[in-house]
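Novice: Sequence:
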Amino acid sequence: MPDFGVHHARQPPLQTLSFRSSAASLRPRASLVLAFCMVLGVAGLLTGCAAPVQVDASAVSETMAGGYEPASADDADAAAVAAAQGEHFVRRSLPGADGATTLQVLTRDARTAPLRYRVIVIPGSGCAGMGPIAERYFASLLHAQVLVLHKPGVDPQARTAPGDCARDFVLHDRLSAWLAHARAALQADAQQRAREGGPALPQLLVGISEGAELLPALAPEVPQLAGLVMLSASGLDPQEAGTLQAQRLGAQADWDALARRVASRQPDTVVAQGRSLGYWRDLWSWPLTLPLVHSPWPLLQVWGADDALVPAAAYERFAGLAAVRTVPYCARSLAGADHGLQRRTADVAADGVQQVWAWTEQWARTPAAGLCAPLGR
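Per this note's numbering, the very first residue in the sequence shown carries number 1; after that it's consecutive.
Since the hints were made in silico from the structure, they are not lab data.
One should not assume that every hint holds.
Label pairs and their computed distance ranges (CB to CB) [stated by the list, open to error]: (1) P287 x R261: 18 to 28 Å; (2) D268 x A349: 36 to 46 Å; (3) A200 x A369: 14 to 24 Å.
Note that beta-carbon positions come from the ideal geometry of N, C-alpha and C, so glycine has one too.
From just these sequences and the hints, can you work out the full model?
Specialist: Right under this line is the structure:
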């Protein structure tokens, strides 16, 4: 889903509207834009919307790192230092679709021998990078090479708040452009690996929040693809998921107003709810459900039961539709977990992201059993 709003570093995000937006203001009625921004990406660190929004899209959308936030400032600083020192992840670049655009990626070899598989990650929305949290976020991927592909214009080490994204980023950020550049980058990655003569490893394509919306279209570009993994992404077409979130937040009027602007003759460059109309127009017509249902690859979907950015109804609806898939589909809702798959109580802090990696590690030991085998299906 899209992030319908701007996350302001000085304003706490509204955790009710689950779109890929950020919470821009604390109003009695959540803003659609904010809700969308939150759903599109990480609820704060990895989610990014560009300007203050009137609609709380943070609850309507699915963002970059699925809402993953370091447990403390000290942890965040430690992760940033580790990344800067190059302990595991290194930075490189891949070409985009137009010959001029360059996409920044983070790569890491397997932390433990033997090397068994490779994971390609498509983050969610926003203009912050995954570098500051990458070491900890992917810590449990022990036997996997990892490649994290960032959007054009995103520095892997940037900590830019969603509400502070540069205007140029806001004007050019849209799903169609992201897909074109990501496709070219993955083609270049596959060609480079073929030239280097590396092992033909099984690969998993992982989409975090908004990043999951690109999975069906990018899947053909990944050699030896063994399956798709969606984290904190409903699987519904973004417009449908956004509607459900707007209803959940009591913001249907805001959502309808945005729809009218999307259908208007205003230029794509006009900014509404922290995103360009071009972004919203892509989102309004973006197909996801049918491509996922008809996808020939196994699909693993994981979300938090307490996800404030994506309504439970969206996850439940997709699960019902995906039941007709002819290839394996498995889904898990993590009790008490939020959009970033984090569960925190007075006594316990559990990181659901690491649980997902534990499942993929178990699959990699006996891949013939199937991607869903570790979940008992």
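Novice: If a hint holds in the structure, say so; if it doesn't, say that too.
Specialist: Results for each hint:
1. P287 x R261: 18 to 28 Å: Since P287 and R261 have Cβ atoms about 21 Å apart, the given range 18 to 28 Å holds.
2. D268 x A349: 36 to 46 Å: Between D268 and A349, where Cβ atoms are some 43 Å apart, the hint holds.
3. A200 x A369: 14 to 24 Å: Distance hint for A200, A369 holds at roughly 20 Å.
The structure shown violates none of the earlier numbered hints.
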